[in-house]
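Chain order of the listed sequences is A and B. Numbering-wise, the first sequence is residues 1 to 410 according to full-length UniProt numbering. Numbering-wise, the second sequence is residues 1 to 410 according to full-length UniProt numbering.
Please keep in mind that the hints were generated in silico from the structure rather than gathered at the bench.
Just so you know, same-sequence chains aren't split out, so a pair can sit in one copy or run between any two.
In silico SDA-like links for lysine to any residue, alpha-carbon gap of 25 Å or less:
id, residue 1, residue 2
1, Lys-313, Thr-5
2, Lys-312, Arg-13
3, Lys-314, Thr-5
4, Lys-306, Met-1
5, Lys-116, Glu-126
6, Lys-116, Ile-309
7, Lys-313, Glu-4
8, Lys-314, Glu-4
Number of protein chains: 2
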Amino acid sequence: MNGETIAGRCGARIEIKKILVRDAKKYRPEAEGIALTDNFDEILNDPEISIVVEVMGGLMPAKDYMLRAMRAGKHVVTANKDVIAEHLRELYGIADKHHVDFLYEGSVGGGIPIIKPLKECLTANEISEVMGVINGTTNYMLTKMTEKHISYDAVLRRAQEKGYAEANPSADVDGLDAARKAAILASLAFDTIVEFEDVSVEGISHITEDDIEYGLNLGYVIKLLAVGRNTEEGIDVRVHPVFLPKTHPLASINGVFNAVFVRGNVIGEAMFYGRGAGSLPTASAVVADVIEVARDIVAGTTGRMKYRIGAKKKLCPVEKTRSSYYLRLVVADEPGVLGEIATTFGRAGVSLRSVIQARSTVSGDAEIVAVTHVVTHAAASAAAASLQALPVVREVRSLIRVADGQEDTL
Amino acid sequence: MNGETIAGRCGARIEIKKILVRDAKKYRPEAEGIALTDNFDEILNDPEISIVVEVMGGLMPAKDYMLRAMRAGKHVVTANKDVIAEHLRELYGIADKHHVDFLYEGSVGGGIPIIKPLKECLTANEISEVMGVINGTTNYMLTKMTEKHISYDAVLRRAQEKGYAEANPSADVDGLDAARKAAILASLAFDTIVEFEDVSVEGISHITEDDIEYGLNLGYVIKLLAVGRNTEEGIDVRVHPVFLPKTHPLASINGVFNAVFVRGNVIGEAMFYGRGAGSLPTASAVVADVIEVARDIVAGTTGRMKYRIGAKKKLCPVEKTRSSYYLRLVVADEPGVLGEIATTFGRAGVSLRSVIQARSTVSGDAEIVAVTHVVTHAAASAAAASLQALPVVREVRSLIRVADGQEDTL
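Sequences are here, hints too, so could you generate the full structure?
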């Protein structure tokens, strides 16, 4: 696709020489001149191959192949978020040492240009915040739950049928995929290494259609957000569901679309939006990277980018992060319960913005929905624990962050 | 601002050596070591100056200075949309010949990274459409007219008081600024030269609060859009007001914000959003360009980008472009008028989606608002002319395009 145009843009014709597959005997080559192989050494030792494109995914052997390719002087283009999120510093070190190009635009946000803008277009800025809807599967699910008022289990089945969710959906619904991408974005935005395990993660499997309904009535839309902040307490990187005001720029990012919002001290706000997943959007990013390498090869300027990243910075513990919170409680339907609950919030140092006795459950209990003012995550969690310990409280069913529009809180 | 960070990102400290002003005697240097001069030759002949940053604006002498700087082997960074929109090919030729870097991210969309994404991130795509809200002044004015129901003249005065509009507002309100930016975006998106005079331009000065009000009732928000399309009839580049459905991604771009929407055959849709004007956002783009040049200087890779652009392509005449149209007519308040008008539309080959007799004017005439199906601009204009010739029609007061959500029409 677009071969002539691409050749014009590179100043060179790009040819696919070999494709690595698990078992070469199982495939027929799709085009003449493209050899299939199941032996990576055949690629490594082919002096005609300048660029290795890694799109196999997963940590190993992908990471090993990339390192070996770079050590052999080959440029590497990848869309592998798993490897980038855990081994960026090591990969940068080897790329730098061997003066090869190493590009990974496809690892975050599918086709959306976000890695290069962070590395090259926003360089005049100190970035204070990078935030986004960066997992298409969960965004599709939450969008459908909101539009059709269906349960988490029903929407997950539908997503699996459509091929948007895997048979084992954990990587998406537990926020792990978004956390890897958040680690990459935060590393680049804040010039440090944020690793996957540095990200505080909460998925969407506990989100119910009832919470979405209550949220809509309060003026909120739910999104699984990746949040990276450079705060006085340290680098704060998290993935969790958030109730956003309907007017928030990220509230209207629906279905399989992704968007990344960046706040810098010169540019103010910027947002990048597009299709966050799928083979074509990801190909748009991967092929653009290949074209960039080809341009460097033609111009004799490969290895010009310095692949270096700052020292590890202090992390902000999630307990110190600040937000408003939405809580849904199932309580005994007795007089005085609302007062007892409000008192318990007060004792925990959590002031309330609103509290409503919502409706009765089938078992004759009542539901209470409370929205707090901005408090630390530690305070909100402690309040939830105290509430759970009250005899009149059957269950603290939901604890979900609410973005109240203030810059430094979520 | 951000000096240490920037030095780290460049691998070099960037120092401002000289600033060209009209009359050096009128200023005091703001920082030590920065000399003011009113003689461009002092910059040209200073071997310590590697990068010339042109932010004076206007065609001349800015263009002349840039060309002379490049001929002297100096790299040029500019935010000058006037020069880029009219002389891109000449500037590219000189940059290429003298192997210097020539960057102009700040010329479109203020701080929003859009030039580099088009040149480097979307290179795998054949781009079919680039479309945007790219003039902050008119967007501020239309947003305020919509929110506050005030007249064009009142909002223009307010914009002038706030410094958002010039004393002579023509460049903004007549769409000329947006047309220059549209020419630049279309040139890059379609790999050709689109010049300022190739752009069909219509401003906002004829938009009334009544049209905005009727539009809102029909579900539309008005925006001054720049539209570039690569069609079978040729390259179609225009700037004009458009009624957008409230759900359109560009409909929520309010105030001084800008956004550029791109459609490519690999990525699908992508959108870039941010602050489109003002000294800080523009500085974000200009300084990022300076950092890119500095990185090239440090790496010894200046002049690596090929500054070439495709041949001039056939243009699509505006008469052949297709859209739905909104028309507002002032007519005699007589029986049978609606039928006569509908018949006239029919004879002109324009079918109607809706037509409503809206209200009476103070003079006892009636207003009719019609929305057509998708027709050519020629057909819509011919229908308007036939209507104007009817004895019962006092005036065809408005003819405004309506985006109906189909991909190939606006």
